[in-house]
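K.L.:
Sequence:
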Amino acid sequence: MEVESSLRLFKGLPALKARISDEAPDLGVTNVGWAPNAKAALLLARCRVFDLGDRLLQPVLDPLPLTALTAAAAHAEVLTRMGVNTLGQLRRLPRDGVSRRFGSRVLAELDQAYGRLAEVHRWEEIPETFVVRCELPAREDRAQALLTYARPLLMMMCGWLASRHMGAQGFKLVWVHDSMRAKDVADCGEITIRSSEPMRDLEHFMRLLAEHLAKLELLAPVGELRLVAGDVERVSEQSLSLLPQSLGGGESLTLLAERLAARYGPQAVLKPMLVDDHRTECAVHWSPAVKRRPRPAAAVPELPAPTILLESPLRLAVRGDRPHYQGRLELLIGPELVEGGWWDRLPGTASTRSVQRDYWVAQSEAAGTLSIFCTQLDDGELAWYLDGIYA
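Numbered by this note's numbering, the letters in the sequence shown go through residues 155 to 545 in order.
Treat the hints with care, since some could be wrong.
Stated by the list, open to error - EDC-like mimics (lysine to aspartate or glutamate), calculated; alpha carbons at most 16 Å apart, straight line: (1) 369 with 295; (2) 326 with 344; (3) 171 with 158; (4) 326 with 385; (5) 326 with 378; (6) 171 with 216; (7) 171 with 156; (8) 369 with 351; (9) 326 with 365; (10) 425 with 355.
FYI, nobody ran anything at the bench for these hints, they're computed from the structure.
Throw the hints in and build the complete structure from the sequences for me.
P.N.:
Here you go:
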């Protein structure tokens, strides 16, 4: 990987080296090599030489064994009988003789490693879908232990999403049971983790997976894991501020709701959803907070909606054909006729929630601004009700 053009982004070469050293083991990478070109970096990684330090490239490559160079490894036995065991000894052989006997590829790779021949690289093609697997080092029969092995897979998924400027609405973790399992146990099991919005936040995915695995019991020992990315969507990138942020970056309400829903169940965390219904008591519906659904385009009412809605309307006293609530009410705005609900039948009865009301915004000297309505009762009498309060 060429990183020269990205050093400023990662705060310099020492910071980038430290970060890769810390995060590479999580991806299963055991050896890392740093060099001026890709071929030399590969040789250093194969020989467990981290970087050049203050040394030049040639003195570091010369003592490396022949087997580190792919083209020379195929002829290592013949070269060893000739007394050639290192790259430096191979480099000092007559070039024409090496080319005739071992082919031009040996010299080409050798020159590329020493920086005498330019390398030609192909752009890495990013797959359209993400599926990755890993074999566990030992059979695991505890569900929570799978979290350790799932982390590198999730890191790779988040890297794949970042490279495509995408976010995932979840993922599926599949575990393959050991062949020595009970006859009634399936070949594999799986769990699907969903989020309410597309993201590529590794730590949040890990928290959601931990909550689900804590409630899971494996039916048989597991020997392999597979991770499949869910539905992906393009996400808008967040630009960093030039000036330092004054507020700390805490966990968002959406992420907290998802984590609580994963722990206590989706019905334990609800959020209000606007419904296209003019009846104020039916205009809001409570649904699971983590369930993503399109927001309906509700019609804009003529009157402003009250800030606080009473659980059930409160009938008001009427004196001189005027409603009273902690004193006489002054009608400010209205009326707005709301008629509907004839289709909304009460369960187990022939009755409906049909309403026909005139809504008003009223002012009380003691209670403030109120939402009230007037409706006709079954006996024909007009009645006034307090419906909500404007804060």
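K.L.:
Work down the list of hints and note, for each, if the structure agrees.
P.N.:
Hints, one by one, checked against the model:
| no. | hint | verdict |
| --- | --- | --- |
| 1 | 369 with 295 | holds, 14 Å |
| 2 | 326 with 344 | holds, 7 Å |
| 3 | 171 with 158 | holds, 12 Å |
| 4 | 326 with 385 | holds, 10 Å |
| 5 | 326 with 378 | holds, 14 Å |
| 6 | 171 with 216 | violated, 24 Å |
| 7 | 171 with 156 | holds, 13 Å |
| 8 | 369 with 351 | violated, 24 Å |
| 9 | 326 with 365 | holds, 15 Å |
| 10 | 425 with 355 | violated, 23 Å |
Hint violations for this structure: numbers 6, 8 and 10, all remaining hints satisfied.
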